[in-house]
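Working from the sequences, and respecting the hints, build out all of it.
Chains A and B, in that order, are what the protein sequence lines are. For the record, in the first sequence the residue sitting at position 128 is 128 according to the working numbering, with numbers rising by one throughout. For the record, in the second sequence the residue sitting at position 55 is 1055 according to the working numbering, with numbers rising by one throughout.
These are calculated hints, taken from the structure and not from any lab test.
Simulated restraints on C-beta separations:
#1 P1196/B / E169/A: 36 to 44 Å
#2 R225/A / E1177/B: 21 to 29 Å
#3 L1079/B / G266/A: 56 to 64 Å
#4 N105/A / E1301/B: 51 to 59 Å
#5 S1173/B / Y119/A: 26 to 34 Å
#6 P1047/B / N105/A: 53 to 61 Å
#7 G1078/B / G266/A: 55 to 63 Å
#8 D1247/B / V390/A: 48 to 56 Å
#9 G124/A / I1051/B: 49 to 57 Å
#10 P371/A / K1007/B: 24 to 32 Å
#11 K1007/B / K379/A: 16 to 24 Å
#12 D1256/B / N105/A: 31 to 39 Å
#13 T1193/B / Q134/A: 36 to 44 Å
We put the CB at the ideal spot given by N, CA and C, even for glycine.
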Amino acid sequence: MNDIYMDNNATTMVDPAVVEEMLPFFTEQFGNPSSLHSFGNKVGFAVKKARKTVQTLLGAEHDSEIIFTSCGTESDSTAILSALRAQPDRKEIITTEVEHPAILNLCENLETQGYTVHYLKVDGKGRIDLNAYQKLLTENVAIVSVMWANNETGTIFPVEKMAEMAQEEGIMFHTDAVQAVGKLPINLKDSAIHMLSLSGHKLHAPKGIGVLYLKRGTRFRPLLRGGHQERGRRAGTENAAAIVGLGKAAQLAMENMANENTYVAGLRDRLQEGILKSVPNSFVTGDPENRLPNTANIAFEYIEGEAILLLMNKHGIAASSGSACTSGSLEPSHVMKAMGIPYTAAHGTVRFSLSRYNTEAEVDRVIEAIPPIVAKLRKLSPYWDGEGPVAEPEQAFAPVYA
Amino acid sequence: MWDYSEKVKEHFFDPKNAGAVAEANATGDVGSLSCGDALRLTLKVDPDTDIIQDAGFQTFGCGSAIASSSALTEMIKGLHVDDALKISNQDIADYLDGLPPEKMHCSVMGREALQAAVADYRGIELEDDHEEGALVCKCFAIDEVMVRDTVRANNLSSVEEVTNYTKAGGGCSSCHEAIENILSEEMTARGETFVPAPVVSKKKIVKIKKEEEPKPEPVVAAEEKKAVSARKLTSVQRIKVIEKALDEIRPTLQRDHGDVELLDVDGKNIYIKLIGACSGCQLATATVGGIQQKLMEALGEFVKVTPVTEEQLTTLVGA
Chain A
1 MNDIYMDNNA TTMVDPAVVE EMLPFFTEQF GNPSSLHSFG NKVGFAVKKA RKTVQTLLGA
61 EHDSEIIFTS CGTESDSTAI LSALRAQPDR KEIITTEVEH PAILNLCENL ETQGYTVHYL
121 KVDGKGRIDL NAYQKLLTEN VAIVSVMWAN NETGTIFPVE KMAEMAQEEG IMFHTDAVQA
181 VGKLPINLKD SAIHMLSLSG HKLHAPKGIG VLYLKRGTRF RPLLRGGHQE RGRRAGTENA
241 AAIVGLGKAA QLAMENMANE NTYVAGLRDR LQEGILKSVP NSFVTGDPEN RLPNTANIAF
301 EYIEGEAILL LMNKHGIAAS SGSACTSGSL EPSHVMKAMG IPYTAAHGTV RFSLSRYNTE
361 AEVDRVIEAI PPIVAKLRKL SPYWDGEGPV AEPEQAFAPV YA
Chain B
1001 MWDYSEKVKE HFFDPKNAGA VAEANATGDV GSLSCGDALR LTLKVDPDTD IIQDAGFQTF
1061 GCGSAIASSS ALTEMIKGLH VDDALKISNQ DIADYLDGLP PEKMHCSVMG REALQAAVAD
1121 YRGIELEDDH EEGALVCKCF AIDEVMVRDT VRANNLSSVE EVTNYTKAGG GCSSCHEAIE
1181 NILSEEMTAR GETFVPAPVV SKKKIVKIKK EEEPKPEPVV AAEEKKAVSA RKLTSVQRIK
1241 VIEKALDEIR PTLQRDHGDV ELLDVDGKNI YIKLIGACSG CQLATATVGG IQQKLMEALG
1301 EFVKVTPVTE EQLTTLVGA
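Laid out in structure tokens, this is it:
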């Protein structure tokens, strides 16, 4: 029996058609795209074609707005640091409490350099209060950076609306759209979004390729200076094979997005319903009404996520957990904390993130495997007593270190 | 995914003594909900002999927390409570053939549950002196609270000093930035400015308190030292001096769950074996350096201390 992969928000399988498209760029088409000779030209044209395709996927007005980077993290860092360097008088940043560490760790570091970072809070479903956001939009703010969709819960933020609100106050707007690109229709041409980050390996392209979209006219300071690649906005020889792969992945995403989303969302809902029906004391985190079509983050109360993952792995099922123990930190997922999920549930969250390669049969296997796994761990838990949780669990067993 | 030993997996996938013990007369509840691990250890102790007749666990936690709990119950069944209390968290980790550094807190939780349960059995109230915070040094499992408290209590001002006092930062050095940040905050709080060293010095920092002038060596001690160095020791006498010096070092190493054993003496070459936590420790070089210094002082001559295994020794001296 094949193993089941449901961790596509971590990374995706490279589409075989993408691999096929890339292969010649490791062999006969090895030229440097910046070279003037025919070896370089062929690769240069392929890069240009990929840039056009990514432009179309993002609904950008110009292909020159597409800057190839090494990954989403590089794109995020470039966007924020560029905004700060281009506007040295503005010392404030607005972001959210639930961003990816690519943003949060950068912001934390910037705080030590004298910048003020405003972290927007989220409610129990992971949603932002736009009134609170509006109050922070002042002339001191250099950039707003808000993710398009949350990687753990799949909750989608109203970034287009937020970008308009920022624009009205003359503030740059960046979105980390790593989880959204390829899953949601995007039209940057008609939006007020100045910068957007995407990562190839989240949409069936390889790892090591990302994009920073930079709206024409936006003040910019490069992160990497050197050669003239990417119009001097990102020095370094282009990762041509990966760029070509991303171009192909972007094309496939456009062709299949609508059908795939219906299919993948159908699988996700079947999985979610099956699990919730058969496992007591489990619930979906995030905003079920406004979520990525492929993501279901389910909290299993009174047990811990890493233990669930280890047992799932034994059954050949791969997913992710926001539990502290999977990351090596001692804190539960910052997203769960921000949403106010109690510790007894926050540690037991499992993220199932599906793709077009999953099948109904796989979903049914997972639905069958999960209840005994949860039951086994609950049998070991001091919060579980036979058929249900102990009365007032956190009061009944609120341990302290000896 | 973590690199768990087969023993950890065995105790996780098939835990021993799961559940509460019937007729338990001792309970130890420990853990931290924020950290995602909590353990209830129940014991049935014979009140006449103080022998642990049965032990059971209930754990809310990760794979290694469950495995550590299971291992602990196996280790203590049949032991006198006094002997059970001698079990260290390192013993639990050793029983499981090791735990990843980030998971050592699971073994600590096991030991603390045992202490709590024995205290409960004896009717003693244990003080909650546990502090916890974000893990700073993953190599040695040192958390932020410990680093911060140590910096504060000792007025530390460099990463090297923090490493000397806490071990944090003594391994892969990826946490040096975090340590610098803590130093910066703590030094600012005491009105000083943190100035990072451009390059980490290899020299060991020796702190001399300003008010304490270095005292001249007592005449008698110096004469004794001279006598040792002047007199020619026989091989047996040398070995005895070395053994005595190692015995003096031993308690320090044992505090860190390590130890040292003398394997052979071949002229100026002294071969030792590092045991327990000292073996494979990333500060082993510093430990060996300290041992060498101690032996040179004791013998009054230059010697070279080399840590080896029995197999390596055979190759080196043909023993």
